[in-house]
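Asks: Sequence:
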Amino acid sequence: MVVTLTQTLFAELALRGAASALLIYMGVRFLRSRGDSTLSRLGGTFAFGTAAYSILSVSVNDVIEPPLLSVLELIGTLNSVFFWWFATALFDDEFRWNTTRLLPAAVMLVIYTLRTSGSIWVQTEYDELVQQCLIALMMGHALILALLNYQSDLIEPRRRFRLAFATFVGITGLLITLVEFVYWGQDAVPPSLSLLHAFSMFALSFGFCYFLMDGEQDVFDVQPTMPSKASELPEFPDQLAQRLDEVMREGAFRGEGLTIAMLAETIGMPEYRLRRLINQQLGHKNFNSYLNGYRIAEAERILSDSAQIRRQVTLIAFDLGYGSVSTFNRAFKQATGFTPSAYRKAALAGLVPVGPGP
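With the sequence shown counted from 1, adding 3 to any position gets you our numbering.
Among the hints, erroneous ones may be present.
[Unchecked claim] In silico DSBU-like cross-links for lysine-lysine, where the CA-CA straight-line distance does not exceed 35 Å:
id: 1; residue 1: Lys336; residue 2: Lys288
id: 2; residue 1: Lys348; residue 2: Lys288
id: 3; residue 1: Lys336; residue 2: Lys348
These are computed hints drawn from the structure, not numbers from a lab.
Please take these sequences and the hints and turn them into a complete structure.
Replies: Next comes the structure, spelled out in structure tokens:
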């Protein structure tokens with residue numbers, strides 16, 4: 004096939020080639036990250052998948068030989084799922100593999116199979132509509148996760164990455180999805196939009212490569228950054244940790260909607276120092292897990308007290324600062340393995356050890 008190389012097409016090819024090279028480099032960096040292995044693998048998968056998608060999106064992709072084209076199409080179809088897996092694993096500290104995580108991949112595989120089999124259903128191109136709607140749902144969920152717990156995140160590199168992710172990946176991704184939806188069923192988009200798409204891919208790839216090359220930041224190293232020696236904590240004297248613990252034991256954790264900014268004001272210290280204290284000295288990845296430590300301990304004490312056997316679980320949840328009973332039940336079961344009612348029965352029967360409370 005002979006391709007006329009116009010200036011627009013040349014610029015598009017150059018941008019997509021550069022973006023693909025950066026994405027492959029990013030994927031290698033992800034896989035070599037010292038941080039969480041699941042995040043590293045998912046990050047690498049997403050980077051390599053996006054490189055394949057970038058190549059597949061070029062205006063002259065019909066010059067690619069069928070075997071390679073089939074592989075690229077499969078990876079490109081699944082890449083939105085790779086993106087969703089990566090984002091949810093990064094922004095949700097409670098990420099677990101389950102059927103819900105795998106369902107979008109199954110849907111995308113069905114779409115790919117129908118598309119490549121020449122099905123009559125695919126000839127009506129409703130597969131594209133289903134695919135774009137699913138992509139929009141996954142991207143929207145990832146954006147919500149990125150922004151939802153931004154204030155409570157204690158891992159500073161990840162907090163910065165949340166904003167970059169939400170601003171650039173989210174907005175650009177949703178715009179790309181919108182353009183593809185508008186031109187649904189058409190053979191090609193206008194050259195100007197294809198060039199804009201290529202530029203967006205390059206800009207995102209360059210920006211995140213630059214972010215990851217900063218030696219002080221490892222987005223995937225999301226474990227609590229606790230120092231190995233007390234001498235590494237000159238700005239956190241024991242008095243600060245003791246003061247924080249005193250304020251919490253006095254009942255600060257009961258405040259509904261308590262934020263780290265509110266707690267910092269109560270203690271009388273800058274918010275950024277409190278974040279570092281809870282993360283680096285106390286070993287928590289997010290403020291909610293730190294807060295739940297006190298709330299669940301107090302809940303265990305109340306539920307194991309025979310004098311408070313008639314106290315309703317709903318009232319206990321609200322008294323401890325939870326905005327809903329379902330949130331309390333979920334946090335309590337995750338921490339203890341019991342629902343609050345089951346724990347009360349077991350504790351009063353002497354079947355579980357009872358702690359002293361917060």
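Asks: Would you mind marking each hint as holding or not holding in the structure?
Replies: Structure-based check of each hint:
1. Lys336 <-> Lys288: holds, 19 Å
2. Lys348 <-> Lys288: Judged against 35 Å, a Cα distance of about 32 Å means the pair holds.
3. Lys336 <-> Lys348: This hinted pair holds, its Cα atoms lying about 14 Å apart.
Against the hints set out earlier in the document, no violation occurs for any number.
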